[in-house]
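J.: Model the full structure from these sequences, guided by the hints.
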Amino acid sequence: HVDGKERSNLNLEWIALGTILVVAAILRFYHYADFSYSNDELSAINRLRYDTFGELVKNGFFVDGHPGGIQVFLWYWSKWFGFSEAALRFPFVIFGILTVWLSYLVASKMFGKVAGLFTAATLTFLEFPLLYSQIARPYGSGLFFSLLTVYFWLKIVLRPKTNYRRDAGFYIALTAYTLATSLCMYNHYFSFLFAL
Numbered sequence: 001h002v003d004g005k006e007r008s009n010l011n012l013e014w015i016a017l018g019t020i021l022v023v024a025a026i027l028r029f030y031h032y033a034d035f036s037y038s039n040d041e042l043s044a045i046n047r048l049r050y051d052t053f054g055e056l057v058k059n060g061f062f063v064d065g066h067p068g069g070i071q072v073f074l075w076y077w078s079k080w081f082g083f084s085e086a087a088l089r090f091p092f093v094i095f096g097i098l099t100v101w102l103s104y105l106v107a108s109k110m111f112g113k114v115a116g117l118f119t120a121a122t123l124t125f126l127e128f129p130l131l132y133s134q135i136a137r138p139y140g141s142g143l144f145f146s147l148l149t150v151y152f153w154l155k156i157v158l159r160p161k162t163n164y165r166r167d168a169g170f171y172i173a174l175t176a177y178t179l180a181t182s183l184c185m186y187n188h189y190f191s192f193l194f195a196l
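First residue of the sequence shown? That's 1 in my numbering, and the numbers climb one at a time after it.
Treat the hints as calculated values from the structure; they're not laboratory data. There could be a bad hint or two in this list.
No farther apart than 25 Å at their CA atoms in a straight line, the calculated lysine-lysine pairs in the PhoX-like style are these [stated by the list, open to error]:
#, residue 1, residue 2
1, 58, 109
2, 155, 109
3, 113, 79
4, 113, 161
5, 113, 155
If you anchor each label on the Cβ, the simulated ranges turn out as follows [said to hold, decoys possible]:
#, residue 1, residue 2, range
6, 15, 193, 31 to 41 Å
7, 43, 12, 24 to 34 Å
8, 38, 68, 11 to 21 Å
9, 112, 23, 13 to 23 Å
Just so it is clear, CB atoms sit at the ideal spot from N, CA and C, and this is done for glycine as well.
T.: Shown next, in the form of structure tokens:
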């Protein structure tokens, strides 16, 4: 049962969050394909030229020192959508927008709805998260996967005490946490160290 005041607060919360996400999307999509590739992106693109997956592994990311997740993702993505700035950067823009949403969920769970909205609004405008949402490198996706790990970790540790053998939600959260941590590991060594 939700009374009128709670419903009004919930509506205001969703309007505020929706506005924040729209602004985050506008800022991240604004001219994201209009500037040329950075040297970091060109290095990754240069290592996408292999015809087979085995060559990609051997020559594409073992020589780089980074985990291979993003390089493998870009290899498949570029085969489907091409090498234009718009095509290669698009998934990272989406990661950036979803990061703002996840920051709201994590901060809300830990500190309340107002803190969640403030965190999401702040992340919308911060320079480095905004920049790394517009380049095809593992930094923006690393922030997303790290927040995803934290979100599911909170779902595990903040669960009410129950009989875990009968709690399907616990196993779903544990599985999601494991997958998010694995994504951190394959994304970049910094996100992996964070998850660790």
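J.: Now tell me if each hint is right for this structure.
T.: Here's how the hints hold up against the structure:
1. 58 with 109: violated, 42 Å
2. 155 with 109: Given pair residue 155, residue 109 holds - Cα atoms ~9 Å apart, limit 25 Å.
3. 113 with 79: Outside the cut-off at roughly 42 Å; violated.
4. 113 with 161: holds, 24 Å
5. 113 with 155: holds, 16 Å
6. 15 with 193: 31 to 41 Å: Roughly 38 Å apart at Cβ, these two residues keep to the hinted range, so it holds.
7. 43 with 12: 24 to 34 Å: Hint violated: Cβ distance 46 Å, outside 24 to 34 Å.
8. 38 with 68: 11 to 21 Å: At roughly 20 Å between Cβ atoms, residue 68 and residue 38 fall inside 11 to 21 Å, so the hint holds.
9. 112 with 23: 13 to 23 Å: holds, 22 Å
When the structure is compared with the earlier hints, violations turn up for hints 1, 3 and 7 and for no others.
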